[in-house]
Amino acid sequence: AAGVIQSPRHLIKEKRETATLKCYPIPRHDTVYWYQQGPGQDPQFLISFYEKMQSDKGSIPDRFSAQQFSDYHSELNMSSLELGDSALYFCASGSRLQEKLFFGSGTQLSVL
Amino acid sequence: GESVGLHLPTLSVQEGDNSIINCAYSNSASDYFIWYKQESGKGPQFIIDIRSNMDKRQGQRVTVLLNKTVKHLSLQIAATQPGDSAVYFCAWEDTGRRALTFGSGTRLQVQP
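Same order as they appear, the protein sequences are chains A and B.
Residue 103 in my numbering sits at position 103 of the first sequence; the count goes up by one each step and never skips.
Count along the second sequence starting at 1, add 112, and that's the number in my numbering.
Treat the hints as calculated values from the structure; they're not laboratory data.
Note that the structure is predicted; figures quoted are calculated from it, not measured.
A hint or two may mislead.
[Said to hold, decoys possible] Some chain A residues near chain B, calculated using beta-carbon distances under 10 Å:
{"id": "1", "residue": "Q41"}
{"id": "2", "residue": "P43"}
{"id": "3", "residue": "K100"}
Ideal Cβ placement from N, Cα and C applies to all residues, glycine included.
With the rest of the complex left out, here is chain A (with noise of 0.2 Å):
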């Protein structure tokens, strides 16, 4: 069965620089989430999109901005990169009939 696919696999990028992660999820699923994971942390919600329409806000940084597209796949643009940037990026998708998330395998975001 298709997953959740997110790329690049692993990124390093130095202060101030920028980055973009995307995500393509699940054929058929309508709300795409984003989520950060600082090392031996839980995930923290970072943002969401349901239907190309951003759905909900967490904790993600004004530096940061994020958009589904018409093919529903999205991205995650990082601006000002700083060291506490660091962390596994990871994208989750869904469908507005069930609450169950799957997640890609993550983007490891390194900031030197």
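On the provided structure of chain A, position chain B as indicated by the hints.
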């Protein structure tokens, strides 16, 4: 959202034993709970879920128990295997928001 924590950050069990992972939640309005398993370098993987109108749900080798009186959730794994070694997170759907909020993870180590 309100925070949820797990009592034990690391649980070590012998292969073949039963494992119990606990989670205490404080949001009494939550009506959906879920357990995820996260292996190193991978995204959270769905294990089992339960709604607040139930107090027990069984899956294959796993059972989730929900005690709404004391706001306690537990995951029982029968005949624990080395492949069960991972970090386990409880999560719940926050009131008024579709996104899941994660509790602190518990690392399960299975000794052969």
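Each hint, compared with the structure:
1. Q41: Status holds, d = 8 Å.
2. P43: Because about 5 Å separates A:P43 from the closest Cβ in chain B, which is inside the 10 Å limit, the hint holds.
3. K100: 6 Å, holds
In this structure, every one of the numbered hints holds.
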